[in-house]
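Please construct the entire structure, taking both the sequences and the accompanying hints into account.
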Amino acid sequence: MDLSAINPILLLASLMVAATPIMLAAIGELVVERAGVLNLGVEGMMITGAVCGFVVAVNTGSPWLGFLGAAVGGALLSLIFGVLTQVLLSNQVATGLALTLFGLGLSALMGQGYIGVRAPGFTDLHIPLLADIPVIGPIVFQHDPMVYVGLGIVAAVWAFLTYSRAGLILRAVGENHEAAHALGYHVVRVRLLAIMFGGGCAGLGGAYLSLVRVPQWTEGMTAGAGWIALAIVVFASWRPWRLLLGAYLFGGVTVLQLNLQAAGVAVPVEYLSMSPYLATIAVLVIMRTGRAPGSLAQSFHASR
Amino acid sequence: MTIKTLLAGAGIALALGTAAFADAHGPTKLGFVYVGPVGDGGWTYEHNKGRLAVEAHFGDAVETVFVESVPEGPDAERVMTQMALQGADLIFTTSFGFMDPTINVAAKFPDVKFEHATGYKRADNVSTYSARFYEGRAIQGHIAGQMTQSNIIGYIASYPIPEVIRGINSAFVHAREVNPDVEFKIIWAYTWFDPAKEAESAKVLIEQGADVILQHTDSTAPQAAAQAAGDVVTFGQASDMAEFAPFPRVSSIIDDWAPYYIARTQAVIDGTWESKDTWDGIGPGMVGIGEITDAVPAEIKASAEALRDRIASGEYHPFTGPLNKQDGSAWLAAGETADDGTLAGMNFYVEGLTGEIPQ
Numbered sequence: 183m184d185l186s187a188i189n190p191i192l193l194l195a196s197l198m199v200a201a202t203p204i205m206l207a208a209i210g211e212l213v214v215e216r217a218g219v220l221n222l223g224v225e226g227m228m229i230t231g232a233v234c235g236f237v238v239a240v241n242t243g244s245p246w247l248g249f250l251g252a253a254v255g256g257a258l259l260s261l262i263f264g265v266l267t268q269v270l271l272s273n274q275v276a277t278g279l280a281l282t283l284f285g286l287g288l289s290a291l292m293g294q295g296y297i298g299v300r301a302p303g304f305t306d307l308h309i310p311l312l313a314d315i316p317v318i319g320p321i322v323f324q325h326d327p328m329v330y331v332g333l334g335i336v337a338a339v340w341a342f343l344t345y346s347r348a349g350l351i352l353r354a355v356g357e358n359h360e361a362a363h364a365l366g367y368h369v370v371r372v373r374l375l376a377i378m379f380g381g382g383c384a385g386l387g388g389a390y391l392s393l394v395r396v397p398q399w400t401e402g403m404t405a406g407a408g409w410i411a412l413a414i415v416v417f418a419s420w421r422p423w424r425l426l427l428g429a430y431l432f433g434g435v436t437v438l439q440l441n442l443q444a445a446g447v448a449v450p451v452e453y454l455s456m457s458p459y460l461a462t463i464a465v466l467v468i469m470r471t472g473r474a475p476g477s478l479a480q481s482f483h484a485s486r
Numbered sequence: 202m203t204i205k206t207l208l209a210g211a212g213i214a215l216a217l218g219t220a221a222f223a224d225a226h227g228p229t230k231l232g233f234v235y236v237g238p239v240g241d242g243g244w245t246y247e248h249n250k251g252r253l254a255v256e257a258h259f260g261d262a263v264e265t266v267f268v269e270s271v272p273e274g275p276d277a278e279r280v281m282t283q284m285a286l287q288g289a290d291l292i293f294t295t296s297f298g299f300m301d302p303t304i305n306v307a308a309k310f311p312d313v314k315f316e317h318a319t320g321y322k323r324a325d326n327v328s329t330y331s332a333r334f335y336e337g338r339a340i341q342g343h344i345a346g347q348m349t350q351s352n353i354i355g356y357i358a359s360y361p362i363p364e365v366i367r368g369i370n371s372a373f374v375h376a377r378e379v380n381p382d383v384e385f386k387i388i389w390a391y392t393w394f395d396p397a398k399e400a401e402s403a404k405v406l407i408e409q410g411a412d413v414i415l416q417h418t419d420s421t422a423p424q425a426a427a428q429a430a431g432d433v434v435t436f437g438q439a440s441d442m443a444e445f446a447p448f449p450r451v452s453s454i455i456d457d458w459a460p461y462y463i464a465r466t467q468a469v470i471d472g473t474w475e476s477k478d479t480w481d482g483i484g485p486g487m488v489g490i491g492e493i494t495d496a497v498p499a500e501i502k503a504s505a506e507a508l509r510d511r512i513a514s515g516e517y518h519p520f521t522g523p524l525n526k527q528d529g530s531a532w533l534a535a536g537e538t539a540d541d542g543t544l545a546g547m548n549f550y551v552e553g554l555t556g557e558i559p560q
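For the record, the sequence lines run as chains F and D.
My numbering puts the first residue of the first sequence at 183, with every later residue one more than the last.
My numbering puts the first residue of the second sequence at 202, with every later residue one more than the last.
Everything labelled a hint here was simulated from the structure, so no lab data went into it.
Treat the hints with care, since some could be wrong.
With a straight-line cut-off of 25 Å between C-alpha atoms, the simulated SDA-like cross-links for lysine to any residue are [stated by the list, open to error]:
no. : chain 1 : residue 1 : chain 2 : residue 2
1   : D       : Lys477    : D       : Asp495
2   : D       : Lys250    : F       : Ala445
3   : D       : Lys250    : F       : Phe482
4   : D       : Lys526    : F       : Gly298
5   : D       : Lys526    : D       : Gly553
6   : D       : Lys502    : D       : Glu444
7   : D       : Lys250    : F       : Leu291
8   : D       : Lys250    : F       : Gly287
9   : D       : Lys250    : F       : Val449
10  : D       : Lys502    : D       : Pro447
11  : D       : Lys250    : D       : Glu364
12  : D       : Lys502    : D       : Glu516
13  : D       : Lys250    : F       : Gly303
14  : D       : Lys502    : D       : Ile353
15  : D       : Lys250    : F       : Glu452
16  : D       : Lys309    : D       : Lys477
17  : D       : Lys502    : D       : Ile362
18  : D       : Lys309    : D       : Gly472
19  : D       : Lys526    : F       : Pro450
20  : D       : Lys322    : D       : Ile353
21  : D       : Lys526    : F       : Tyr296
22  : D       : Lys322    : D       : Thr282
23  : D       : Lys526    : D       : Glu516
24  : D       : Lys250    : F       : Val299
25  : D       : Lys309    : D       : Glu378
26  : D       : Lys250    : F       : Arg300
27  : D       : Lys526    : D       : Trp480
28  : D       : Lys526    : F       : Val299
29  : D       : Lys526    : D       : Val551
30  : D       : Lys526    : F       : Gly287
31  : D       : Lys250    : F       : Gln294
32  : D       : Lys309    : D       : Arg279
33  : D       : Lys526    : D       : Pro363
34  : D       : Lys526    : D       : Thr555
35  : D       : Lys322    : D       : Lys502
36  : D       : Lys526    : F       : Ala445
37  : D       : Lys477    : D       : Gly288
38  : D       : Lys526    : D       : Gln347
Following this line, the structure appears as structure tokens:
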């Protein structure tokens with residue numbers, strides 16, 4: 183065993199990268215659930231975003247356009263879910279699961295011909311001055327731009343839900359859709375917008391995998407990240423900053439367990455492999471005080 | 202994944218359903234069960250190349266179907282059963298984890314022939330075949346041991362099964378032979394194919410000082426990670442992965458299944474097929490060594506090629522004593538070579554490797 187081989191600065195730096203895809207997908211789902219909709223199709227939207235982003239980035243040569251394409255792709259796929267559940271009032275759980283299966287198949291189809299192709303790279307952003315601070319600089323200020331975009335989205339969602347009138351309306355729709363309707367708010371419209379935001383964020387998370395973290399397209403490459411994102415939303419009690427903590431914790435323990443393995447720590451590998459899941463659930467359950475939005479997963483129709 | 206399996210199953214049903222109207226002496230039907238997508242650029246990609254070679258060789262005399270990304274579990278049994286029910290004459294199951302499902306399904310369909318890759322269980326209608334990848338690993342170790350500056354070689358292992366452990370031991374023995382200070386850091390990924398996890402593992406190994414990465418997983422993600430790091434050497438796994446040549450990929454182990462698949466299909470057509478165990482290496486051409494690029498100094502390249510030729514001719518066995526097991530107990534005396542039985546069930550590290558094999 184040689185723990186000195188683990189460089190804590192590099193470990194913390196790769197933690198931020200490892201957490202980003204899950205964080206992006208989870209923050210989108212958080213908004214969706216705060217609006218009272220349960221979309222279990224995160225995995226399907228992520229993988230569709232991954233392939234859309236990859237295809238656009240390869241064809242345009244711009245990773246930024248790739249991410250834009252990924253967000254649009256994810257949002258379009260989520261719109262299918264939105265129309266089915268909000269307009270046609272189908273069951274949200276079943277529709278969400280179907281969306282995941284559909285997304286996996288669709289992405290495999292779209293990705294034909296892009297296997298083994300290389301995507302244009304993102305260069306890491308070295309923020310002037312800040313990046314040169316010892317220790318903190320390499321950990322926090324030397325990442326690719328999407329890491330900061332992700333953090334920005336979390337902060338924006340928090341501010342939106344806490345301070346803005348539109349955020350208040352969204353929360354009202356999620357807590358009690360009949361009351362919100364009686365006050366004259368468009369429940370279905372608010373929810374459709376929330377669903378599309380969730381799809382867009384999931385798409386960004388998927389594209390982060392295919393454009394930055396791996397970076398290439400392979401079928402099924404999200405490998406369950408969407409389900410982790412869903413779980414983190416629940417364990418974070420639907421609060422943005424806790425969600426950030428949960429995602430970093432998960433990303434951190436994931437990277438740490440690989441580091442421990444490489445350093446030859448005498449803990450059975452099976453325990454190390456399950457540790458990210460256990461640690462995240464344990465911490466967030468202990469902290470848990472929140473409750474689910476009142477109208478979560480219920481269908482709404484103005485006539486009832 | 203499930204929906205794809207279902208769709209593929211429906212496709213087979215349709216194809217074979219219409220074929221049933223053809224006359225009874227129609228083409229020989231071959232089924233292929235793959236563990237990953239055919240576009241993985243590695244293991245499954247090469248098996249699929251073998252399938253395409255069979256089609257090209259026999260033309261209309263054969264008909265092939267395949268199902269990709271089949272999980273190693275009950276799903277595999279279902280896919281095989283479906284293929285057998287729909288008239289396949291010969292089914293290739295191409296991953297270690299398909300071993301028990303293959304044996305189970307084969308017992309239900311005594312008239313269908315099965316070929317299981319890399320396993321050790323056989324039956325009257327089940328053959329096994331594998332390649333002596335450890336011969337290729339010896340050459341990788343030989344090059345890796347001399348290319349490393351930090352004396353740390355990272356190894357992304359998949360599952361703790363004999364095939365993988367053999368590869369680690371073979372690479373290590375030959376890396377130590379040329380560089381007594383070399384050390385291996387091993388990560389068990391517990392997957393054959395998960396690009397995100399493979400990339401992450403490669404990055405962690407690089408962060409911990411490895412400047413050569415060997416992989417026993419199927420995707421090209423570690424190659425991409427090494428390329429991003431800039432000064433890390435890699436080797437193509439299962440397939441040439443030439444898109445990463447000349448650097449970081451400096452050589453590769455290539456699985457060439459085509460001759461074997463053609464021979465076995467011919468045996469079914471001739472009615473001479475019988476259950477046997479095939480384990481071929483560099484000599485018969487089942488294991489190919491991809492071009493060693495100019496990133497490797499000429500004298501290392503020459504000695505690696507000499508090693509390859511000595512293994513191919515049978516003059517040298519990669520596991521030749523004196524070799525001890527990890528705990529220091531004697532395994533092979535000087536000049537003694539390992540027998541196939543021990544190699545097939547290898548579950549121990551050789552002396553010098555650190556860490557434990559997960560049980």
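Do the hints match the structure? See the list:
1. D:Lys477 <-> D:Asp495: Violated. D:Lys477 to D:Asp495 sits at ~41 Å, over the 25 Å cutoff.
2. D:Lys250 <-> F:Ala445: 38 Å, violated
3. D:Lys250 <-> F:Phe482: Distance of about 53 Å is beyond 25 Å: violated.
4. D:Lys526 <-> F:Gly298: 40 Å, violated
5. D:Lys526 <-> D:Gly553: 9 Å, holds
6. D:Lys502 <-> D:Glu444: Judged against 25 Å, a Cα distance of about 20 Å means the pair holds.
7. D:Lys250 <-> F:Leu291: 20 Å, holds
8. D:Lys250 <-> F:Gly287: 23 Å, holds
9. D:Lys250 <-> F:Val449: 40 Å, violated
10. D:Lys502 <-> D:Pro447: 13 Å, holds
11. D:Lys250 <-> D:Glu364: 22 Å, holds
12. D:Lys502 <-> D:Glu516: 19 Å, holds
13. D:Lys250 <-> F:Gly303: 30 Å, violated
14. D:Lys502 <-> D:Ile353: 20 Å, holds
15. D:Lys250 <-> F:Glu452: 35 Å, violated
16. D:Lys309 <-> D:Lys477: 19 Å, holds
17. D:Lys502 <-> D:Ile362: Measuring from Cα to Cα gives roughly 31 Å; hence the hint is violated.
18. D:Lys309 <-> D:Gly472: Roughly 20 Å separates the two Cα atoms, so the pair holds.
19. D:Lys526 <-> F:Pro450: 20 Å, holds
20. D:Lys322 <-> D:Ile353: The given pair, whose Cα atoms are some 37 Å apart, is violated under the 25 Å limit.
21. D:Lys526 <-> F:Tyr296: At roughly 45 Å apart (the allowed maximum being 25 Å), F:Tyr296 and D:Lys526 break the hint.
22. D:Lys322 <-> D:Thr282: Measuring from Cα to Cα gives roughly 18 Å; hence the hint holds.
23. D:Lys526 <-> D:Glu516: Measuring from Cα to Cα gives roughly 24 Å; hence the hint holds.
24. D:Lys250 <-> F:Val299: At roughly 19 Å apart (the allowed maximum being 25 Å), F:Val299 and D:Lys250 satisfy the hint.
25. D:Lys309 <-> D:Glu378: 49 Å, violated
26. D:Lys250 <-> F:Arg300: 22 Å, holds
27. D:Lys526 <-> D:Trp480: 24 Å, holds
28. D:Lys526 <-> F:Val299: 43 Å, violated
29. D:Lys526 <-> D:Val551: 4 Å, holds
30. D:Lys526 <-> F:Gly287: With a Cα-Cα distance of about 47 Å, the restraint between D:Lys526 and F:Gly287 is violated, given a limit of 25 Å.
31. D:Lys250 <-> F:Gln294: 17 Å, holds
32. D:Lys309 <-> D:Arg279: Holds: D:Lys309 and D:Arg279 sit about 12 Å apart, inside 25 Å.
33. D:Lys526 <-> D:Pro363: Measuring from Cα to Cα gives roughly 15 Å; hence the hint holds.
34. D:Lys526 <-> D:Thr555: 12 Å, holds
35. D:Lys322 <-> D:Lys502: Distance of about 38 Å is beyond 25 Å: violated.
36. D:Lys526 <-> F:Ala445: Holds - the C-alpha atoms of F:Ala445 and D:Lys526 are around 21 Å apart, at most 25 Å.
37. D:Lys477 <-> D:Gly288: Distance of about 23 Å is within 25 Å: holds.
38. D:Lys526 <-> D:Gln347: 24 Å, holds
Hint check: violations occur at hints 1, 2, 3, 4, 9, 13, 15, 17, 20, 21, 25, 28, 30, 35; the rest are consistent with the structure.
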